[in-house]
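Peer 1: What follows is each chain in one-letter form.
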Amino acid sequence: MVSVITSFSRITILSFVLAFTIIDLIQIFEFKLSDTLSSILATVQAVMIVLFLINGSIVLYMAKDNDITILVLMLVELVFYWGIYVAVHKMAVPMSRTLLNNILMFLDFSFLMLERIKVQNGIKQLAFGVSALVVAYLVIILIKSIHRVSQHIYFYGAIGIISLLSVIFIGNVEYGARMSFTLLGVRVQPSEFVKLSFVFFIAAAIVTYKDYRGFLISTIGSALHVLVLVLSKDLGSALIFLGAYVFITFIAYKNYILLSIEFAVGLFGGILAYKMFPHIQTRFIAWSDPLSVIDDKGYQISQSLFAIGTPGWFGSGLNNGVPGKIPVVTNDFIFAAIAEEMGTIVAICLILMFMCSVFAIFNIAFSCSNKFYMLVVSGLGIIFAIQSILNIGGVIKFIPSTGVTLPFISSGGSSLLSLMITFFIIDSADELGYCSDVRGIYE
Amino acid sequence: MNRPIKKSKRKEIYVVACFFVIIFVGMIAYLINFVTNGAKEFVYNPYNSRFSVFADDVTRGNIYTADGHAIAQTSLGEDRKEVRVYPDKKLFCHSVGYVDKGMTGLEASYSFDLLKSNIPLEEQINNSLTGKKSPGDDLFTTLDYDTQKAAYDGLDIFDGAVIAMEPDTGKIVAMVSKPDFDPNTIAANWDDLTDEKNKKSSLVNRATLGAYPPGSTFKIVTTIAYLRANGGNEDYSFNCKGSLKVDDYKIHCSGHKSHGKEDLLKAFSNSCNSAFADIGLNIDPVDFRGTAESLLFNQELPTMLEHTKASSFKVNSSTAKSIIAQSAIGQGETSASPLHMCMLVSAIANDGNLMEPYLADKIITAKGETVQQTKPKSYGDIISKDEASKLQSYMEAVVMDGTADKVDFGDLKVYGKTGTAEFTNNKNQTHSWFVGYAVDNSGKKLAVAVIMERAGYGSKYAAPLAAKVFKAYFE
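As you go down the protein sequences, you meet chains D and A in turn. Residue numbers for the first sequence follow my numbering, beginning at 1425 and rising by one. Residue numbers for the second sequence follow my numbering, beginning at 23 and rising by one.
I should point out that these hints are in silico values taken from the structure, not numbers from a laboratory. Misleading hints may appear alongside valid ones.
[Claimed, not checked] Mimicking DSSO-like on lysine-lysine, the simulated pairs with C-alpha atoms at most 30 Å apart in a straight line are:
hint, chain 1, residue 1, chain 2, residue 2
1, A, K33, D, K1568
2, A, K171, A, K407
3, A, K138, D, K1542
4, D, K1749, A, K222
5, D, K1749, A, K171
6, A, K138, D, K1749
7, A, K33, D, K1721
8, A, K222, A, K449
9, A, K155, D, K1542
[Stated by the list, open to error] With the Cβ distance kept under 10 Å, some of the chain D side facing chain A (calculated, not the full set):
hint, residue
10, F1432
11, F1617
12, D1719
13, D1720
14, Q1727
15, T1768
16, M1779
17, A1789
Don't be surprised by glycine CBs; every beta carbon is placed ideally from N, CA and C.
Isolated chain D (complex conformation) (with noise of 0.2 Å):
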């Protein structure tokens, strides 16, 4: 009986995850919407969040004995859901409903997942998202009371670069990698916050300086972010800042030489930096040709690939793959469970997914009355976009693995948090915007 739930609950959940990607693509790309069928459409998405939840969850309750568990965070997650919705709307921009679902969606696939590998990190993910949601909206209050927010660049840059200076003193080392340090108890990732300071201080310099020194500031504050990243031998994140300082300059400077030498310069670095470390080598034969080095660096890619083309297209059914062979599946390869449980359809749905919601933030700063924020926004979807993609480009073999996380789906409370804040920012960024404009005028 168990298995013909699972069996027939592949064609449900795919149908759901279907509908609400053909939604997305209609509500991102189709520019003539009404405003009442838009509506519509991101209410049928709403209902394609909670039948999805509601259907995997039954799906896991029945797979893992009967499990109570299951149901009860079933419900305490539609109520945080709710949560999320509130608070939102306490911000309240419309246009971001559609960025408002796929978060919403990112989270289910995130909480089934998680509860599918073991019950006890879908509690803990869940956790953290409840008090990400809080300490979130606190921050953008925090936001709110601040003084000529866009004028604090070294405040901004300090913050960073110590943070990050400070994981490689008192961090430990994870995969070959220094990333994280524990306090009280919690692992915390400073790299995450510093994505959002990192934003901040280089949309500060140039909105502050009109002339060459916000380009001068933000360029030597950037290549201070990478170089410690990369001694601390955080591949990924390094890449995650270079990126976003390449197209936030770009977007804010127009200048399509600046663009080209500033990727001519990324790229030396890559080859020089590929030279000089041996962990990077070893990535890229990983990358290269995972099965001639299966017992050693490409086990990890191997058993992804594995996990992703074995069962096709429908995939295995919930909870009837073996997403546990790969190596750090909750973290860095979830995308792998979330391909062979829930089939290639459904992954590449997720795909889509995320290409929405980087173009849905993009809208945002788009019409953003507000420069500094336009920028903000900008650097915080540019690093949304660029995380996605070097994450679910590492896991299928596209690019070698860099070891960062999915935004949203990934365990993890210090990303889910940093995310959550970058979420409300972006969600309230004309709002923010317009307290600082008003401060302006009147001090």
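Given the coordinates of chain D, assemble chain A onto it according to the supplied hints.
Peer 2: Relative to the frame of chain D, chain A by itself:
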């Protein structure tokens, strides 16, 4: 909320957005390509343990010959546990392979398909409701039962290999390798089969992995090299005195026989070593190697089979003359697999065009519906039509009044080349070769390569075995 802003000045945001969209779309395309084409390489990897999950719901499908003989099936043993049974025991062992002790052969490369059930979905659901397993898909090979049996019985007690393929499709009709093993008892005999002291290497498929000195069958390559060096001109004359001295080395003709005055056709049909050593020495070594490589030496063979061995021809501009002379008659450092030699004559039979050999013809559901059908695939022309027709006439002469003229091929029109290959310094121990093809009245063709280890003259052992294979196939 929407205070006036100069939005048109922000088009760079969408330039960046488009950049990311392109990468996302690229990733999707990559993923689709991986699942449709690339995944098999990973799925079939022995490290992939996910197969075992499928076996819980699906009974492994059967493997059949082209004429519907079951050669691997799953049946229930005494304890109602599934066992894999190979009814013909050793007959198909190397091509079909086995599942215990790590999979090999077709069992390995089609494991994915055999463990997949494509019967209608409602039946699958019905089966899982009632706790029954669904039947996996079946694999039909290109092998012909009678031809395989003739080849197997014909090889008798000799070690060696026989491979036969259709020149115009690439279908492998028979593939035998000896010594062999019984896949039914592979687990029980495993320690013995893989014992280091056991030098028989019974698990190795000599038809695809054997690296034999091709001996006189290599004269096909030397002939093509000669034609290419002379712009297709066949003019050649040589006075054979039974041997040819090259530096300090003496090349002997078979049985020290003097063939007298010969042209190219005569030298080929007599398999005259002295003449071919002379021919080899008169071709530029670089061109010689180039021709050999265009005939697929020193590279992976273009086949739809897994695990083949590259043949080797190492002559270059610094090679000693005596080595070139030996290489020209298929000795020295030259080696070839029976599969490769079979492909070579197959291309000659097919007027120069090589069809890629394959073993798996189609996959059908337990209900008989075709799921996947292999389409014959052309590798292209490895020799020109003109070269092919010349070689055809030379190979015809071998059978009409050359080294194989005593062999009884019945009514079939046969084209071939014999070979007697030395493999140690002991000239009394030789491998017996025959490569060639036969055509029946309707124009149907079959190419074969036969090697019998330590058997003696090609004309005496290998060619008569080829005749048996032809007869079994065309009857």
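Peer 1: Hint by hint, say whether it matches the structure.
Peer 2: Tested hints:
For the hint pairing K33 of chain A with K1568 of chain D, the CA-to-CA distance comes to about 28 Å; that is within 30 Å, so the pair holds. The straight-line distance between the Cα atoms of K171 of chain A and K407 of chain A is roughly 34 Å, outside the 30 Å bound, and the hint therefore fails. For the suggested pair K138 of chain A and K1542 of chain D, the alpha carbons sit about 29 Å apart, so the restraint of at most 30 Å is met. About 38 Å separates the Cα atoms of K1749 of chain D and K222 of chain A, which puts this hinted pair outside 30 Å; it is violated.
Between K1749 of chain D and K171 of chain A the alpha-carbon distance is near 44 Å, which puts this suggested pair outside the 30 Å criterion. Under the criterion of a C-alpha separation no larger than 30 Å, the hint pairing K138 of chain A with K1749 of chain D is consistent with the structure, at around 22 Å. Taken as a hint, the K33 of chain A and K1721 of chain D pair is broken in the structure, with Cα atoms around 43 Å apart against an allowance of 30 Å. For the proposed pair K222 of chain A and K449 of chain A, the alpha carbon gap of about 22 Å is at most 30 Å, so the pair holds.
Pair hint K155 of chain A plus K1542 of chain D holds up; C-alpha atoms about 29 Å apart against a cutoff of 30 Å. The closest approach between the C-beta of F1432 of chain D and any C-beta of chain A is roughly 8 Å, which is under the 10 Å cut-off, so the hint is satisfied. At a threshold of 10 Å, the smallest CB-CB gap from F1617 of chain D to chain A is about 23 Å, leaving the interface hint violated. Because the beta carbon of D1719 of chain D sits about 9 Å from the nearest beta carbon in chain A, less than 10 Å, this interface hint is met.
About 12 Å separates the beta-carbon of D1720 of chain D from the nearest beta-carbon of chain A, more than 10 Å, and the hint is not met. The criterion of a C-beta within 10 Å of any C-beta in chain A is met by Q1727 of chain D, whose closest approach is roughly 8 Å, and the hint holds. About 5 Å separates the beta-carbon of T1768 of chain D from the nearest beta-carbon of chain A, less than 10 Å, and the hint is met. Among the interface hints, the one on M1779 of chain D holds; its C-beta lies about 4 Å from the nearest C-beta in chain A, closer than the 10 Å criterion.
The interface hint given for A1789 of chain D holds, since its Cβ lies 6 Å from the closest Cβ of chain A, which is under the 10 Å cut-off.
Going through the hint list in order, the structure does not satisfy hints 2, 4, 5, 7, 11, 13.
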